[in-house]
Structures are given as C-alpha cells and as structure tokens.
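Student: Following the hints, put chain F with the ligands in place on chain Z, whose structure we already have.
There are 2 protein chains.
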Amino acid sequence: TDEAGKSDRARAVDFPVSVVLPAGGTGERTGLQTPKQFCTFLGRPLISYTVQAFERVSWIQSIVVVVAKENMDLMTDIIQRFQHKKVRVVPGGSTRHRSICNGVLALGGEGEGETAAIDRPKVVIIHDAVRPFVEEDFLYKIAMAAKEQGAAGAIRPLVSTVIATTAEGYLDHSLERAKYRASEMPQGFTFDVIYQAYQRCTESDFEFGTECLHLALQYCGTNAKLIQGPPTLWKVTYKRDLAAAESIIKDTLSRSACIVTGGSAHAATLADALQKAVGALALELEVIPDLMGENSSYLLKEWNFIQVSVDSSCLSEVETLLRDLEAANRALLHPLVVIWVRLSSSDEPSISGREVEPSGIMELASEAKTQNILLYGIEIHQAKDTEQWERSVLKAAEITSALIRDRTPALVGQLLQA
Amino acid sequence: TDEAGKSDRARAVDFPVSVVLPAGGTGERTGLQTPKQFCTFLGRPLISYTVQAFERVSWIQSIVVVVAKENMDLMTDIIQRFQHKKVRVVPGGSTRHRSICNGVLALGGEGEGETAAIDRPKVVIIHDAVRPFVEEDFLYKIAMAAKEQGAAGAIRPLVSTVIATTAEGYLDHSLERAKYRASEMPQGFTFDVIYQAYQRCTESDFEFGTECLHLALQYCGTNAKLIQGPPTLWKVTYKRDLAAAESIIKDTLSRSACIVTGGSAHAATLADALQKAVGALALELEVIPDLMGENSSYLLKEWNFIQVSVDSSCLSEVETLLRDLEAANRALLHPLVVIWVRLSSSDEPSISGREVEPSGIMELASEAKTQNILLYGIEIHQAKDTEQWERSVLKAAEITSALIRDRTPALVGQLLQA
Ligand SMILES: [Mg+2]
Ligand SMILES: [Mg+2]
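As you go down the protein sequences, you meet chains Z and F in turn. In terms of my numbering, the first sequence opens at residue 1 and continues consecutively. In terms of my numbering, the second sequence opens at residue 1 and continues consecutively.
Same shape as in the complex, but just chain Z (with noise of 0.2 Å):
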C-alpha cells in the first residue's frame, strides 16, 4: 500500500494549508502516568515524531499544538530542544471540541481585519498528537478533497464487528460490518466550514461531542469525503501500543548502514563479506573509504556507521567519525549507532590489544551517548581458515543487525567477539 503512493510524494498543494494538532490527551488507557504523547521513545517524546511528520512536509505552513495549561512549559521546551520550527502552542480547552476549536481560531479566526484574513489557511488539516507516522502522500489526498468537498476524513475498515447493547448489558443487535468503517485522523477542512462549524455549534456539542466530521455535516450541510488511510494512521492508545510504535521507529531507523573502510583493502573485504551477510539480514550497506568530499553527505542522511579498522588497537578513526557526526548534528533527533569493527590479522587474540580497549572503547562510548551517539565494538579475528572466517563474518554480521535494530543503551562500549 505505501509503493502505490510514492508517485504522490513530489506532488505540492498550491494553497496554504496548515495544521492543528489537539494534544490533550491524560493518556489514562495506557496505564501510565506520563500522558502518551509525551511518553519518550528512543528519548524523544511521541509528540515530536508526529511533529516532524508535518514540518517535513514543504506545502504545511504552520502547525498549532494545542495542550492543557499545565503542559504548555513542558511543550515549549521539547520545541526548543528538538529544534522543531513552523511550530505554536495554544492552550487547550476542556474538552477535545473545545481545544480544537483553539486551535482554528489560533490560526487567524479571531484576528480582525486584513492580517488575520492574510495568514488564514485555505484548509486546516486536524490530527491527533498520538498518531506519528502520518506520511505526506495521504496528507495530500486529505488536502485535497477537503478544499474540493469542504471536509475530508481518513477511515480504515472496522476490525470487529460492532453490537449494540442493551441497558442491562446484554446483545440488542449486531451492524452488517460492510456498512460502517472506523472514523480515523488526520480529517481536513477548509478554513471555513470548520470556523462555521465551531461558530454554530452548541454548547452540548462541545461538551460532549467529539466527531468534527459530524460538525461539519450538522452545521454546514458538508458531507465530508471519506479516504481509506494505511493501518499505520492507528491512534497511540494502549500500553501495547507503545511497544508497537518504537518497533516501527527502530525499524525505520535501522534501515540503512554505511561502512567506513579508511581505504584499507584487508577493510573493503572484510566491507564487502560484511555487506553479503548482513544482505541477507535485510539492511542496507553501503562501503565507502572515508567521509571526504562527496562522501560526507552520508553525514546527513539517515545511515548508521560501521567503521572497520585493521590491526590497529587504534580508535582515532571512530573518534574522528564521531566529531563529524557531532558537528552534522546528526543525533538530534533519535541516537546514532556507530560501530568500530576491529580485524586483527593474527589468528590468536592479540594480548597488547585486550588489554588496552575495553576501558579505551568504553571511555569514548560514555562520552559518546551524552552526544546521543550509541558507540559499539565488535572484534573479529582474521582466520586462514576459509570456514571459520565465514562463520565469524556471519557472527559479526548478525551482532551489527542486532546492534543497530536493538539500540540498546546498556550495551555502548562493549567490545563484542565475532
């Protein structure tokens, strides 16, 4: 379903759009204290992920995070510290109509004259904090037919059937499933229907309302046009859910990794054995000798590091890598996983070397992870036996897979045998 819209993704709407993102939520369903939109994740709270779905997008020009009172501080500083632009925060109300309804009229309803009608979106798209992974192609599609239909909602088909009780808690009768679909986000509107909406809408609406779509019907005769969203447009809900979320976010973070060789030709083939291995691990590699010149736009991207050594006890070429990527900024916003792979050539372990690293490697891993940089070893021992090279190869192969999809804090610094 994702390879389908791909084509969408250079596509730019050409009017102005903009975003409110009710974030309100007490999160009581996790069984958590922390609300869910503010649980970390790889150390960074769920709200800055769903965030930076949006800032991605170029044709989004401002977003508006509406929280309660008490967490606008809280709000402002993971802002500021994820370096999040384009970005608001409003109070939120009391109920979920009501901070919504701040954050319309945030984005120019209640300014008077030109400079509010100025700064006015054509279409408001509204999201919910706690789904992250809202990709552009289907918040196009949602622009889209909200500026052309006046509202527009994401559904997914419903996964159980859905009963109707009796007061006394017993079976009244079931829905023919086909029928119905789950209301999801993002849902969009043109600015005006969802003003009206919220202008003519009654107090019981926003008390206990919680559907804009059904607003949108009842007060502007819209009928908004329902778009199927991926099953990742799924609501962050219960504490199962939170697992669910970082599985996706280290999968996407463990796609790709590049490998530094320092030139050395023992290094590119130990690269190149690396790369046939872990190809069958389903991660990406790419062998480079160093970061120079072109190759330092591998600095920006989103790779992870794997920097091979030969015979050398030596890290100054992984302390150098881990300047660069200081300097890119490129742990901002998840941490990085750098590996050092050590090949020693003798086929015994090399004394003088075991005896010097792991408090070498672990000393430069703990200054590391302050930097949000997860530095890792892995030694493996250049066999004459064509057999045991392979296994070990493989073995150091499945270790980086582990390493880079695990991101395991407690693990930095260790000098792993391959």
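Honestly, the hints are just simulated from the structure, not real lab data. We put the beta carbon where it would ideally sit given N, CA and C, even for glycine. Mixed in with the good hints, there may be bad ones.
Stated by the list, open to error - Derived Cβ-Cβ restraints for the label pairs, each shown as a range:
{"id": "1", "chain 1": "F", "residue 1": "S94", "chain 2": "Z", "residue 2": "P289", "range": "39 to 45 Å"}
{"id": "2", "chain 1": "F", "residue 1": "S366", "chain 2": "Z", "residue 2": "A164", "range": "56 to 62 Å"}
{"id": "3", "chain 1": "F", "residue 1": "S94", "chain 2": "Z", "residue 2": "A328", "range": "54 to 60 Å"}
{"id": "4", "chain 1": "Z", "residue 1": "T76", "chain 2": "F", "residue 2": "Q388", "range": "52 to 58 Å"}
{"id": "5", "chain 1": "Z", "residue 1": "A12", "chain 2": "F", "residue 2": "K179", "range": "41 to 47 Å"}
{"id": "6", "chain 1": "F", "residue 1": "I288", "chain 2": "Z", "residue 2": "S366", "range": "31 to 37 Å"}
{"id": "7", "chain 1": "Z", "residue 1": "Q388", "chain 2": "F", "residue 2": "D73", "range": "48 to 54 Å"}
{"id": "8", "chain 1": "Z", "residue 1": "R156", "chain 2": "F", "residue 2": "H266", "range": "55 to 61 Å"}
{"id": "9", "chain 1": "F", "residue 1": "S296", "chain 2": "Z", "residue 2": "C314", "range": "35 to 41 Å"}
{"id": "10", "chain 1": "F", "residue 1": "R177", "chain 2": "Z", "residue 2": "Y170", "range": "31 to 37 Å"}
{"id": "11", "chain 1": "F", "residue 1": "S316", "chain 2": "Z", "residue 2": "T269", "range": "35 to 41 Å"}
Tutor: Relative to the frame of chain Z, chain F with the ligands by itself:
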C-alpha cells in the same frame, strides 16, 4: 484491572467446558507470508501461546484447533514439539462459521448414542488463535455467564467513532459511540445453543456471517450476556501487533531472576548489591546459595538465572546449572536467560582469565542455545574504590536487565564488561 480479577483465579467451574479455536486465517492484514497464528515469537508459534493459555486452566477439558487442511501437519507438529495436551486438530471449512461449526461437531455433535453425549461439554468457549493473552479469570466469567444465559461474549469500548458511508464514499452519519461496543473474543455458549444455531442457520449465514452471538440470537432467541474484557484480549491483526505481542511476551518472561551465589560470601555481597541496583529497574530477584534441596523448585518456575562466580575462570558452576535446567526441560516453551557473572577480585583485568573465557563461554553458549538457553557473561572487577564499585554494580545491573529483557540470540557467549 488485572488486580481486581485475581481473587477469581482459584475458582473452578463444576461443569465440563471445551474450547474451539478457529485458526484458519490467512494473515493478509499483517502483510506477511506466514499466517499470523503461525508467526513465531521467541521461536514459538503464536497459536502455541494461545493453546497454552487454555491448557493451564484446570477446568478446561479439551481444546479443538480448527486449521486449514494444508496446515494440519504443521499444527500437529507444533502440538508435538511443544508437548501440548488436551488438544485435537480438525480441518476447517471454507469460511469462519464453517470452521467453527466443524469444531463444535468434533466436540460430540456428530456421534450417535451415549458415547457422544458423555463427551459433550456443557459449555463451549470459542476464541481466536490470534488472541494469545486470555486469562483464567476472564474465561471463568464467560463460562459461568454462558451456562446461565446460554451465550456470553467479550466486549470492548470503541476506540474510534463508527460512521456509515454513502455508496459514493461520503459521510452519511456517525454513530453515538456510547451506545455501541466492539464484539471481541472469547465467547461462550452452552453446547445446545451453539449446536442448534449451526443446525438452523442458512447457507448465507455460513458464507457471509462472522458473529456467533448473532446466530445464537437469531436462531435460538438467546440474548448473549456481554462482559467487558481487558485490553490484552485484542486480536493480533496488523504487523504492528506482532511487535506488541512480542513485547508483552518478553515482559512476562522478564519479571524475575534467581541469583545463585555458590555459597561464597563475596558472591553473596555482589548478589545483594545487584539486588539493590536491579530493584530500581523492576526485576524481582531472589538470592540463593545453590539449587539443592528445596531450592530445586526454582528450576520449575518462571525464573531467569544469574550464576555468580568469584575469582574463577572456571565455568563448572554454570555448566552444572545448565545441565539442571536442561534436565528440568525448562526451556521447552520459551528461551531461558542464564547470566554468568564473574567477579574478579583484582583491580586489574586478570590476563589469564581473559585469554581463556571468551572462547570457553562462547562454546558453552553455542551448545546451550541448541537447548533454547541463552547464556551471556558479565565480568565485574572488585574495585577498592567504593564509588567505582557501585558504578560497576549498577552497570552490571543495567546489562543484566537488558539481557533478560531483550533475549538477543546474536549476543550469546559474549563476556560483557561492567
Ligand atoms: Mg474529530
Ligand atoms: Mg463469532
């Protein structure tokens, strides 16, 4: 919500209850080749977890698993490999209702005369193979309500608003969320009700229906009692649900560890320090000198093991532990974590030890892995400096927690530095 039900655990129903477990799904919604019920978690198929959930309930007499004909052999293999009792496999039909009906008939509907009547359960519980976390106390509620009312079913509040769509894909109207519920599993029926419902229902019901509660209402006039279940009853449906299920399974396996000190006072000191440090990380620890006598009961429960050795490069203690665990068949249903913690009393790394163990523990770990036991090593140096010692113990505790939680097969046999 879990706490409230615990007093129910001791209660047993005093009438025969059997289970029908339709497991014929094709898993298309996960986007994976393997149907969800056969996806493995820590080496074991999901359906085996679900079967185990029923098998451990003393008052459930038999379980009928209904699978597609092409998966009969696979299912039979799973039952043998994981030593499931009480289970029969029957071939499914072309739809969900046909499969469930086959399961019900296998419980005694088709036989003639007294034998069939004797085998027939009073109550049949119907569940999904892909809802592995069902608990005894909830099954008790369903079984009791089914016996009293003829039918009972699990419900959950709706997470999303349900909407009716027009044929053209526009919003028609939205349902008032409070009046409706999601119908989930398990459901329970007296044998007579579910048997009669399938005898009386139409070909169209068999072909297009999915809801057993609906058949009981329509063909037997039985309004099912609806009981709200815990969120853990959810159906593993999408790819993200696989990660959520794995996380719940890992949480369950990571609750407790048993520290074996070998009777050494130094080891006991370390164990106490670890207990204190790990306590903050939410892992229950017990410290015992060995697994002799009464302590051998630890081998039969859900404990992970930490073997502490002092000043020893010798793995004999951990070898003994591994043999005991293998003899107790403890790793049949899931991988078991054993951590060898080596306490070296010198301030310096002991050179002699370092040369020997990495391959010694690696070999032992490779053997253990074939028995589904994951062996890892942690080396901790007994520093004279108290602050440094406390730092090392905390680090050992963090590594221990991570190893027990993550159960990463790629890292077995590593000797990690604390
Ligand atoms: Mg809404
Ligand atoms: Mg049913």
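Student: Give a verdict on every hint.
Tutor: Tested hints:
1. F:S94 <-> Z:P289: 39 to 45 Å: Violated, at about 59 Å.
2. F:S366 <-> Z:A164: 56 to 62 Å: Since the Cβ atoms of S366 (chain F) and A164 (chain Z) sit about 58 Å apart, the hinted range of 56 to 62 Å holds.
3. F:S94 <-> Z:A328: 54 to 60 Å: Given about 58 Å between the Cβ atoms, the range holds.
4. Z:T76 <-> F:Q388: 52 to 58 Å: With Cβ atoms ~40 Å apart, the hint is violated.
5. Z:A12 <-> F:K179: 41 to 47 Å: Holds - the Cβ-Cβ distance for A12 (chain Z) and K179 (chain F), about 42 Å, lies within 41 to 47 Å.
6. F:I288 <-> Z:S366: 31 to 37 Å: 34 Å, holds
7. Z:Q388 <-> F:D73: 48 to 54 Å: 38 Å, violated
8. Z:R156 <-> F:H266: 55 to 61 Å: For H266 (chain F) against R156 (chain Z), whose Cβ atoms are near 59 Å apart, the range 55 to 61 Å holds.
9. F:S296 <-> Z:C314: 35 to 41 Å: The hinted range 35 to 41 Å is violated for S296 (chain F) and C314 (chain Z), with Cβ atoms some 51 Å apart.
10. F:R177 <-> Z:Y170: 31 to 37 Å: 19 Å, violated
11. F:S316 <-> Z:T269: 35 to 41 Å: 40 Å, holds
In the structure shown, a violation is registered for the earlier hints numbered 1, 4, 7, 9 and 10, in ascending order.
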